[in-house]
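**Q** Sequence:
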Amino acid sequence: MTARVLSIANCKGGTGKTTSAVNLAAELGARGYRVLVVDLDPQGHAGLGLGVSARLGSANAHTPLLRAGIDLSGAAQATGEDNVAVVPADRGFDGQLGNGDIRCIAAALGALCRIHDLVLIDVPPAAAALTVCALMASDGVVVPTTLDPLGLEGVRQFARSYHDTMLRFRAAPLGLAIAPMRIDLRTNVERETLGQLRTAFGPGQMVRGVRTDVAVSEAFARRQPVRRYRPRARAAEDFSALADDLVQRFGIDCAAAFAEPAYARPEGFSRGISWR
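Quick note on numbering: UniProt numbering labels position 116 of the sequence shown as 116, and the sequence is numbered without any gaps.
Everything labelled a hint here was simulated from the structure, so no lab data went into it.
Wrong hints could be hidden among the right ones.
SDA-like, lysine to any residue: derived pairs with alpha carbons at most 25 Å apart [to be verified]: (1) K12 to L48; (2) K12 to P173; (3) K12 to A106; (4) K12 to M206; (5) K12 to R228; (6) K12 to A111.
Take the sequences, apply the hints, and build the full model.
**A** In C-alpha cells form, the structure reads like this:
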C-alpha cells in the first residue's frame with residue numbers, strides 16, 4: 001500500500017494553503033494516519049508552522065527540482081504532532097529548475113509514500129513549473145479559497161490550468177476539492193461567491209471549509225496547529241470536518257502497521273511520531 005498524495009494549491013496567494021496543510025496534517029495524524037507534509041513553498045511556512053526547518057547541507061523539498069535521482073527519505077523530519085513528519089523547504093530556492101523531469105518529485109517521494117498514509121504537498125502560488133511537478137506526484141488537489149471575487153477568479157484560473165495539465169499528462173486523476181477558508185457568511189459578497197462556486201463546480205467538487213477564527217493565526221504564531229493550541233476553537237472543529245470530507249472524497253486509508261521510518265523524533269519535542 002502507498003500513500004494518497006494530495007497537493008494543496010491555488011494560483012492565488014493568501015488563500016490558506018499553508019494553514020490547511022499544517023492543520024489537516026495535525027488533525028489526521030491525531031487520528032492515527034501517518035502524514036507527511038512536503039513544503040514546496042520557498043517561504044517555508046508549513047515547516048515553521050510545525051516547528052521544523054531544513055537542516056544545513058541536507059536534502060529538502062526543493063532538492064529534486066535541482067538534481068536528478070534524489071530520494072527524500074533522509075529529508076523527512078519528525079514533528080511535535082503525533083504521526084506527522086515534514087520535508088522542509090529550501091528557503092533560499094530562487095525558482096530556477098535544474099532538473100527538467102516533471103516527475104522528479106514523484107520519484108523522490110517513492111520510498112516515503114510506502115511508509116505513510118497521506119502526503120500533503122504545500123504548493124506555492126504563481127509557480128507554474130513547481131505546480132506541474134507537484135501535480136505529477138499527486139492523486140488529487142485541495143484548493144483552498146477565500147470567498148470574494150478575486151478568490152473565485154483564482155479558483156477558476158487554477159481549475160483551467162489543472163485541467164490542461166491533466167489532459168496532457170493525466171496528473172492528479174482524482175480531481176479537485178474546493179475548500180472555502182476564513183468563512184463569514186454574514187456578508188452578501190461571501191454568500192454570493194459561495195453560490196457561484198457551487199454553481200460553477202458542483203457539489204461533488206466542494207468540501208466543507210473553515211470559518212474565520214483568530215485562533216488560527218495565534219496558533220501559527222506559536223508554531224502549533226490550532227487543535228493543539230486551542231482544541232475547542234471553532235476552526236479546530238472545522239478542520240476536523242474538512243478532514244472527514246477529504247478522507248471520503250479521496251479515499252484516504254489508514255494502515256494498521258508499517259515499518260518504522262529512518263528519521264528520529266527531534267530533541268525538545270514532548271510528543272513525536274507515534275508508530276503503532
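**Q** Which hints, by number, does the structure contradict?
**A** When the structure is compared with the hints, numbers 5, 6 turn out to be violated.
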